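As they're listed, the protein sequences go chains A and B. The numbering of the first sequence is our numbering, which starts it at 59 and goes up by one. The numbering of the second sequence is our numbering, which starts it at 13 and goes up by one.
I should point out that these hints are in silico values taken from the structure, not numbers from a laboratory.
If you anchor each label on the Cβ, the simulated ranges turn out as follows:
no., chain 1, residue 1, chain 2, residue 2, range
1, B, E67, A, A296, 33 to 39 Å
2, A, G153, B, D66, 44 to 50 Å
3, B, D32, A, E362, 42 to 48 Å
4, B, E50, A, V335, 42 to 48 Å
Simulated coverage check for chain B against chain A, where a stretch passes if three residues somewhere in it have a Cβ under 8 Å from a Cβ of chain A:
no., segment
5, 35 to 45
6, 49 to 61
7, 71 to 80
What you are looking at is a predicted structure, and each value in this text was computed from that prediction instead of being measured. Ideal placement from N, C-alpha and C gives every residue a C-beta, glycine not left out.
Residue strings, one per chain:
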Amino acid sequence: MNSGIPALRAELDERCERIGRRVTFMEVCGTHTMSVFRSGIRAMLPKNLRLVSGPGCPVCVTPRGYIDAACDIAGRDGVMAATFGDMMRVPGRSGSLETLRSAGARIRVVSSARAALQLAREHPGCDVVFLAVGFETTAPGTAASVLEADRDGVDNFSVLMSQKLIVPAMLALLETADPQAPELDGFLCPGHVSVIIGADAYKPIVQRHAKPCVVAGFEPEQILRGLAHLAGQVAAGAAALENVYSGVVSLQGNRVAQKLVDQVFVVVDAAWRQLGVIPLSGQLLAPPYRRFDATRRFAVAISEDDDDPECRCGYVIQGKVEPRECPRFGAECTPDSPVGPCMVSSEGTCAAWYKYGRNLPDPSARGTQEVGL
Amino acid sequence: MCLAVPGRILERGGEDAVVDLLGNRLKISTVLTPEAKEGDWVLIHAGFAITQIDESDALETWEYLREVYGSSPAGAVAPDSEDAMTGEGP
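All chains, full assembly: derive it from the sequences and hints.
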């Protein structure tokens with residue numbers, strides 16, 4: 059299966075050499091982040107190619123105010139919170155869901171919104187709250203579960219929404235006036251998010267900003283192919299949308315899922331961790347389904363600007379710094395004792411760097427090292 | 013949370029299906045892939061089939077997952093089994 063890797067590496071090397079300057083691509087998918095490290099791709103990148111991780115880890119982009127709201131609700135009598143496992147250890151202002159569970163709160167780890175709904179059916183005396191975080195891949199499941207709860211009258215079910223949309227965040231990174239933001243030459247677009255939204259969803263990035271976008275799968279060969287296509291475009295002075303995962307991703311995406319999401323959610327401005335509010339980048343329940351909105355049921359507000367100013371996760375998810383450039387990385391912030399979400403999540407950039415990347419060349423040398431031409 | 017994993021539909025009933033996911037039986041929802049039939053391959057994300065895929069693509073991904081996660085990759089990608097839709101994992 060790996061037979062194509064040497065050829066793709068050679069292609070990528072040749073194209074980066076042809077580009078003749080430093081080139082920066084961003085991936086925006088936690089699975090890409092992990093796979094790039096685990097497979098050793100990061101160590102084999104051409105010297106003038108920098109691959110940065112963007113805001114693609116759902117737990118990492120969720121603001122601290124959301125964790126605090128989740129803890130507030132989960133700690134109440136008669137409540138059972140249901141969450142994806144990655145959320146358990148993310149620190150809020152006063153502890154995490156895990157510390158709350160240790161203190162006796164009823165918090166269950168689930169791998170699906172539907173499993174949360176099932177908990178509500180099994181525990182009619184409990185208010186079951188599903189912590190709905192994630193991107194376009196999790197949104198249809200959340201929407202389907204709300205519809206099912208509505209149809210079957212499962213009134214002890216609600217969702218605490220923090221569903222995010224990736225394309226508005228990618229556009230925001232290109233449109234920021236922040237001088238620290240990296241100059242990006244193209245995006246490696248996420249494979250499984252694109253199953254839902256379709257490859258065409260990235261057209262605004264290509265059309266408005268003339269940045270190449272290539273949709274790629276998560277296996278090493280697929281990622282290398284994606285990078286080679288990106289480099290090929292830059293070398294040729296092109297900016298196009300390509301889909302090198304066409305066996306799985308269509309141009310239009312999953313219409314059934316899109317229709318379901320459009321029925322149950324409305325698109326709203328949303329707060330991202332340390333990125334502030336990005337226009338039209340999140341989803342809340344549409345009016346007919348608002349009785350399932352946990353913020354209403356429990357009269358809780360999610361604070362928009364409550365992120366820890368000392369934590370640099372917000373810089374990491376914008377590609378502004380590598381994890382090792384954070385003073386806490388590997389010292390007071392480790393997977394066993396995480397300070398920020400990027401170290402907690404199994405898909406977090408800091409967790410990936412901690413596990414696989416600590417022996418890579420020092421990032422402080424980046425500004426001065428010879429570009430391999 | 014971004015990773016979707018291929019599975020093969022063993023049984024279908026209404027909007028639910030039981031799939032073979034790397035040798036494990038898993039109950040999923042097919043509400044997002046209404047046309048998928050028994051024997052078809054689907055990509056599964058967070059308990060939902062999100063698209064149908066070719067068998068060859070599916071088997072290639074299985075092979076990769078087995079390489080990465082070793083002999084019991086299902087636990088790494090699908091902490092819930094059919095009998096335990098909820099649990100304390102992963």
